[in-house]
Amino acid sequence: MEYRQISEDYSVSGQIQPEDVAAIKEAGFKSVICNRPDDEQPGQPSADTLKAAVEAAGLAFRYIPVISGQITRENVDDQAEALDELDGPVFAYCRSGARCTNLYGLIQQSKG
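Taken in order, the sequence shown gives residues 0 to 111; the numbers are from numbering that gives the first Met the number 0.
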């Protein structure tokens with residue numbers, strides 16, 4: 000499993016599997032955000048499946064589905080709220096990591 004560190008407390012990756020959660024915990028992450036809508040692609044694990052694995056590992060989980068290419072103000076606000084509330088560092092994932100990265104950039108722009 001590969002991921003990209005965007006800031007000290009925020010990293011992103013493409014789709015994860017339940018068996019990746021142990022490595023996420025070992026890497027020191029405290030929370031996981033899923034930005035990928037369920038059923039975007041056949042065979043992807045559901046948010047509920049990953050939530051169960053993440054919470055079983057003792058980490059926090061938040062589901063903020065974002066439609067590819069259609070990030071809304073509400074998505075940005077929900078992600079910002081999650082980052083304020085969740086213990087970091089935070090690990091966010093979608094199909095490729097791009098939505099998670101774009102959300103973070105939009106949050107930073109709105110703060111500035």
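Incorrect hints may appear among the rest.
[To be verified] Here are the simulated lysine-lysine pairs, DSSO-like style, with alpha carbons at most 30 Å apart: (1) K110 with K29; (2) K50 with K24; (3) K50 with K29.
[Unchecked claim] Each pair of labels, with its calculated beta carbon distance range: (4) E73 with A21: 28 to 38 Å; (5) M0 with E54: 30 to 40 Å; (6) E25 with T48: 32 to 42 Å; (7) E18 with P41: 18 to 28 Å.
The set of hints was computed from the structure by calculation and includes no laboratory data.
Note that CB positions come from ideal geometry on N, CA and C, so glycine has one too.
Each hint, compared with the structure:
1. K110 with K29: 24 Å, holds
2. K50 with K24: Holds: K50 and K24 sit about 13 Å apart, inside 30 Å.
3. K50 with K29: The hint holds at about 13 Å.
4. E73 with A21: 28 to 38 Å: 33 Å, holds
5. M0 with E54: 30 to 40 Å: 19 Å, violated
6. E25 with T48: 32 to 42 Å: Because 20 Å falls outside the window, the suggested range is violated.
7. E18 with P41: 18 to 28 Å: 19 Å, holds
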